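Construct the complete structure from the given sequences, taking the supplied hints into account.
2 protein chains.
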Amino acid sequence: MQKVGIIGAGSFGTAVSNLIADNADVLVYSRNEKTIESINKAHFHKEAKLQSNIIATNDIERITKECNLIFPIVPSKNFRSMMRDISPYLRPYHILIHGTKGFSADNQENITANDIYRISQVIEQESSVVRIGCLSGPNISKEILEGQPTATVIASQFREVITEGKKVLKSKRFQVYSSSDIRGAEIAGALKNIIAISSGILSGLKLGHNLWGLLITRGLTEMIHFGKALGSDIKPFLGVAGIGDLVTTASSQNSRNFTVGYHLAKGKSIKEISEIMDEVAEGVHTVLFAKKIADKYGLKVPITRMVYKIVHEDYSLTDALDYLINLDYEHDVDYL
Amino acid sequence: MQKVGIIGAGSFGTAVSNLIADNADVLVYSRNEKTIESINKAHFHKEAKLQSNIIATNDIERITKECNLIFPIVPSKNFRSMMRDISPYLRPYHILIHGTKGFSADNQENITANDIYRISQVIEQESSVVRIGCLSGPNISKEILEGQPTATVIASQFREVITEGKKVLKSKRFQVYSSSDIRGAEIAGALKNIIAISSGILSGLKLGHNLWGLLITRGLTEMIHFGKALGSDIKPFLGVAGIGDLVTTASSQNSRNFTVGYHLAKGKSIKEISEIMDEVAEGVHTVLFAKKIADKYGLKVPITRMVYKIVHEDYSLTDALDYLINLDYEHDVDYL
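Line order of the protein sequences matches chains A and B.
The first sequence begins at 1060 in our numbering and counts up by one.
The second sequence begins at 1060 in our numbering and counts up by one.
Honestly, I wouldn't trust all of these hints.
Pairs involving identical chains hold if they fit within one copy or between any two copies, as the list cannot separate such chains.
Stated by the list, open to error - Subject to a maximum C-alpha distance of 27 Å in a straight line, what follows is the list of computed DSSO-like cross-link-like pairs (lysine-lysine):
| hint | residue 1 | residue 2 |
| --- | --- | --- |
| 1 | K1359 | K1225 |
| 2 | K1231 | K1265 |
| 3 | K1325 | K1231 |
| 4 | K1062 | K1093 |
| 5 | K1368 | K1231 |
| 6 | K1265 | K1108 |
| 7 | K1265 | K1229 |
| 8 | K1201 | K1265 |
| 9 | K1229 | K1359 |
| 10 | K1231 | K1359 |
In case anyone wonders, no lab produced these hints; they're calculated from the structure.
None of the values given here were measured: they were computed from a predicted structure.
If you want it as structure tokens, here you go:
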């Protein structure tokens, strides 16, 4: 039986491991001894029963030796250092399909728009791997681990990346769509977390579904403005990895980014929120990067700018909301 | 002070009356004596306190004499007969902005696609009025009546219709966008109710947010296929009257169409559901019309076809769901 590698045993890495275990053996890399023991002995992790053909290891070289197909799924902040750890063992025959929804920057103090990269660019920069793809879609980990049905998109310029990924992921409860636009899928997947934070804020303030519908519409428009500025087509934003992922993440209390917004609305600071959550919400970093990109290209993205001010400059929620509600948009859809 | 007419004192008619009462006096037409008394004496209707400058009457001629700007907001099934009642009193100087989200057909036994009209077409057919518009957006009545903020779109080919409508509707809690594409706004507003029924079904079956995100994405795609077949641009589907209205209606338990789906999932028949609900859900009629249109143009709209079979042919929910989940879509976004 084929063996597939997963780098990272967070919620989504674990959910993907359990999906792939239907079709192939799985070898998961984790640096956490407790996690490894829990997976290998109890077959239980992230509050879910795991299939017995999922084995965990702390030996990253072993993953590259036993698996040609590897899914790196680690937080964006750690992605580059993880790549530096694994890259001595990677060869051009490896296929990497990542599941990280964020941007990456070198850990500098004063990041500019030019220091910000998509995750697939980091893979290209740090390794000899050519065949790269990404996973993106409405994929709340908790629901996947419960066995609920859904779908994802594998985006890659390489047909064989999509074929190989589909072969191991597809099942009766998990549809796999394909797209050749990895750039758009990565940008949409990262930016939707900003709208998910806003959505949590509306929910925490007990605002209704009408305003939420407006947020989704305007939020999607802002995502597309970013996409166009960064050279992406608008198609990926209108599909499963765009609207699909957006409305799911922005409506689910199981989404970490939604939860951040909810706590913000209840008066907690970002520092307090980071302390109570076990995994950092990607949107907190993403909105910082998005602000830099918006400034560089002069984008009209008022929701993104307000979320930035709320999260990173302690700006008043009610002032932000007042500003956004009374903003006069003459045109409804301005990107086509 | 200007006086604005509203035809119909259902939930949405009442919500619009209360919004307009901020900017103008309101005269509401109803055939129900109890409703008229409740509005005129108690200033209370649809579980909401109404402003005191809202007066109700059962004299439809009076509306046309005292108001140049009239908002007909009655169920699609009654729209044509209402137009036949009012049309002897309408003159070309009247402006009509309707708020009905459905299609209209003459009450025949065997409806074909050629008997189906948009609401603005019915106004054109039945009266001498030229300046016609429609309201469309994320506008759950209950939330508007609670004073929650939101926005709508006024769509019309006539600039003055938009200007006049905006003047009486716009407030700090109600943004008004404009669009010249009334055809698209009407089609999107009608079809989204089919997806809202599906959404209620998923909720009743306790399926998660991942699958819901997929439903919204594929549902929007189907709406756009209909729109293109009926000669509309895709823009209205991607704005406030499209995605905005769709995600709101499909996520709110205060939406009648969502409620129909929810009860279907709990095993109730359409007949039983109609008996417990005080206003008929538009989507039940819309899906019948949509099926005729899909057949005429040979559209690939599997969700719509399944909702039709469930609602009108008593088809098994689990079979429908199995079919849809395992449907192989190669392309994610196929309308651009």
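Structure-based check of all given hints:
1. K1359 x K1225: Answer is between: at 24 Å across copies they meet the 27 Å cutoff, but 37 Å inside does not.
2. K1231 x K1265: For K1231 and K1265, the Cα distance is within 27 Å only across copies (18 Å; inside one copy 37 Å).
3. K1325 x K1231: Close across copies (24 Å), not inside one copy (40 Å); limit 27 Å.
4. K1062 x K1093: For K1062 and K1093, only the intra-copy Cα distance (23 Å) is at most 27 Å; the inter-copy one is 72 Å.
5. K1368 x K1231: between (43 Å within a copy, 23 Å between copies)
6. K1265 x K1108: Cα proximity of K1265 and K1108: across copies only (21 Å, versus 35 Å in one copy).
7. K1265 x K1229: between (38 Å within a copy, 23 Å between copies)
8. K1201 x K1265: Cα proximity of K1201 and K1265: in one copy and across copies (24 Å, 14 Å).
9. K1229 x K1359: Intra 39 Å, inter 23 Å, cutoff 27 Å: inter-copy only.
10. K1231 x K1359: between (42 Å within a copy, 22 Å between copies)
Checked against the numbered hints above, the structure violates none of them.
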